[in-house]
Amino acid sequence: MTSRKRVLVYLLLNIIVSALTTAAVLWAWQRYLWPQQVAAPPPSPALPANGAEPQAQTPEASRVLAPYQVQPGDSLASIAAAYGTTEEALRAANGLNTAAGLGVGQTIFVPVTPTPTLPAQTTPTPAGDPDALRIAAVVGAGDFSSEYVQVQYDGEGEISLLGWQLRAPSGAAYTFPALLLHSGGAVRVHTAPGTDTVVDLHWGSGAPLWASGETAALFSPDGTLRAEYRIP
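Add 67 to the 1-based position in the sequence shown for this note's numbering, that's all there is to it.
Please note that the accuracy of each hint is not assured.
As the list claims (entries may be wrong) - Here are the in silico distance ranges between beta carbons for each label pair:
| hint | residue 1 | residue 2 | range |
| --- | --- | --- | --- |
| 1 | THR262 | ALA159 | 22 to 28 Å |
| 2 | ASN164 | THR291 | 30 to 36 Å |
| 3 | ALA159 | GLY230 | 35 to 41 Å |
| 4 | ALA167 | ALA274 | 36 to 42 Å |
| 5 | ALA274 | ASP221 | 27 to 33 Å |
| 6 | THR291 | ALA159 | 41 to 47 Å |
In case anyone wonders, no lab produced these hints; they're calculated from the structure.
Glycine included, each C-beta is placed from N, C-alpha and C at the ideal position.
Using the sequences provided together with the hints, build the complete structure.
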């Protein structure tokens, strides 16, 4: 081999060795030294400062204002008892001070809590004491526009009036709708037509039903006579 060929062989070997060395260095760099991107873990949900688990908010029971027209003999105390509220709540809802009185025909607003509608099979009918339901008074007998019968419950717990009947001497009968009376609660049944509320119901008769000396009768849904009232 001539010296010229020997030089060419050395150059070729150097080129090959250099190429292999460069390739090895690049492979090692990419394999071990190239910075890797690491996915950040999802953030944890924030907790209150004291570390307690967040609690679900329970909505407070809402109250609504029901309009009520003051009737003869009404007082803040009697209206509050009929609606299951307090005199203080009535004054606050209507901006009344302790010295303010009520006028017949005046419309006030009564705070009440709406009763949620439940499936019929899960709502037991209150039993109450049928013998504790009575006719407390007949007011304005003979005056079509003002006469009414007051029915009151004096027993424990509450009683449903659904299906009860109030009967006049003429044979006319009024059947009560689904209405609950609590202990000490009362409802008025007006002869004249009108808008029913929880304390005022309306017979819707076209003429007076009651007269002095006559008797009003109250019957339970099974047809049993439970109470009578002789009109003075």
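Outcome of range test on Cβ distance (ASN164, THR291; 30 to 36 Å): Given range 30 to 36 Å: violated, Cβ gap about 48 Å.
Verdict for ALA159, GLY230 (Cβ pair) under range 35 to 41 Å: 37 Å, holds
Consistency of beta-carbon spacing, ALA159 to THR291, with hint 41 to 47 Å: 43 Å, holds
Outcome for the supplied range 36 to 42 Å, where the beta carbon pair is ALA167 and ALA274: 37 Å, holds
Hint check for ASP221 and ALA274 - Cβ pair distance inside 27 to 33 Å: Holds: the Cβ-Cβ distance is about 31 Å, inside 27 to 33 Å.
Distance restraint evaluation - THR262, ALA159, Cβ atoms, bounds 22 to 28 Å: 25 Å, holds
Checked against the numbered hints listed earlier, the structure breaks hint 2 alone; every other hint is satisfied.
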